[in-house]
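Protein sequence lines, in the order shown, are assigned to chains A and B. Going by the UniProt record's numbering, the first sequence opens with residue 1, and the numbers climb by one from there. Going by the UniProt record's numbering, the second sequence opens with residue 1, and the numbers climb by one from there.
Possibly wrong hints are sitting among the right ones.
Calculated lysine-lysine pairs in the DSSO-like style (CA-CA distance at most 27 Å, straight line) [unchecked claim]:
1) K123/A / K198/B
2) K227/A / K60/A
3) K116/A / K198/B
One-sided excerpt, in silico: chain A residues whose CB lies under 8 Å from chain B [unchecked claim]:
4) Y178
5) I179
6) H181
7) L183
8) Y184
9) T185
10) I188
11) Q263
12) C264
13) L265
14) P266
If you're looking for bench data, these hints aren't it; they were derived computationally from the structure. The beta-carbon is built from N, C-alpha and C at its ideal position, and this holds for glycine as well.
Okay, here's what each chain looks like letter by letter:
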Amino acid sequence: MKHYEVEILDAKTKEKLCFLDKVEPNATIGEIKSMFHRTHPQWYPARQSIRLDPKGKSLKDEDVLQHLPVGTTATFYFRDLGAQISWVTVFLTEYTGPLVIYLLFYFRVPFIYAAKYDFTTSKHWVVHLACMCHSFHYMKRLLETLFVHRFSHGTMPLRNIFKNCTYYWGFAAWMAYYINHPLYTPPIYGEQQIRLALILFLFCQIGNFSIHIALRNLRPPGSKTRKIPYPTKNPFTWISLLVSCPNYTYELGSWLGFTLMTQCLPVAFFTLVGFIQMTVWAKGKHRSYLKEFRDYPPLRSPIIPFIL
Amino acid sequence: MASSEEDGTVEEKENNNKKRTKSALTTAWLTFYNIAMTAGWLVLAMAMLRFYIKKGTHKGLYRSIARTLKFFQTFALLSPAYRVICLLGIVRTSVIVTGVQVCSRIFMVWLVASSIRQIQNEESVILFLVVWTVTEITRYSYYTFKLLNHLPYFVKWARYNFFIVLYPLGVIGELLSIYAALPFVRRSGMYSMRLPNKYNVSFDYYYCLIIINVTFFPLNFSWIFVLLAVFPQLYFHMLRQRRRVLHGEVIVEKDD
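Whenever a hint applies, use it, and build me the whole structure from the sequences.
Have a look at this one:
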């Protein structure tokens, strides 16, 4: 069996960082990253970006050496992605925050509102309902992170955790402050509005969960395969016929429901910002689906059926 | 086939013509815009000088130029950077940085100086007005001359040196003005919304101004030590440009 030689150069300085000889032809990039890690222990595999061209795209861990357009002496370029943190860690941290923070406001912990309101409860039943919905939502997200989601990338840059936590925790505090405020004003249309909002919220929560389960079942455990999502027997997944990212559609619906339920402007802001971000992600995902799958159903839009 | 090839080249020529007219239009617009802005700020400068010479005091000066100032500062929203975004759909960092500056100027004119009458005779207001006038005349005349391909050295020199003194002075003027406005904002409760209300939100302009002063003030002067917020980046951006333009610093690419 003919062995390969691999040299790894720094993408910016072109300095030779590592030389590996007697590399098996069927070695994967992942294995090469582990070997590189041994010579440079500060660069663990997750923060290595290995590419054929200094300005090119990163090679995937699953790529096999002999199938790459390289000679028997392969030259790769390395870029440091910076400190990495696992997706699971980030998700757990950013979702636990809102759960806890909202409850602090709900129980009217001291120093938030005037002293005479400490540890009192709101007289409006919609406030209790809102707390249950908000807490349910974030507990669902935590459980999905632990048991449902299958991540393509293990890690993301470390600075993301600060950015993401500021966003989630900040908005949670801002919303919770007004909803649980002693001077809170319940929705104008009263019980009708709240009931409609609750139905919308629950419907979309179930829908969102159904999509997450369907996506999980698309991908066998431990693999990173990508397939076109199709509707299953579960009616909540039938929206997949019309949108590429029905999980985002349902998420938008849930927050619209919560906005309607609480009639609180900060919640509306949070919904709007989330919608903008999810639309950007949905459009990107839609584009990559179209690029990857030639037979992608043309009827589908990224996030809102027929519109967006 | 010969005919389709011809069609192809005719189409190409049409496209090229379209592109050329588009860029000619853009250049025409940009030239007009920059000349207009230079002229506008010169008018403001003249008005301010004339007022001061005639009255001997700066009291009432703001009132006299308020409308012209509002017009030209708001007109800056049409700044070429935004035209570039619309035409090409790209947002570069320098555009974001300029965008923040334009927003902060609009904020100072419309939400602080014009709406809080009591501070219009403060020295700090005159300070930032003078700074803005000199900065903008330099900047827009620089762009105008550049577009006309006739850039006098002193204009280039002014653009890359004045800001070193003017920028901190302008910031001081703006912040002192906001500080002076605080008691009036508190008393009048302007731009604020209290609970309870049907939107379940509240906003206190007084605390908002305090937060602006507290976060921007140290950041603006700790640019030497702290590269965190946008204003210091603008300063550094200018310093970098200055070095590149005036001292002809060339970046050498390492070839292997």
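Which hint numbers does the structure go against, in order from smallest to largest? none
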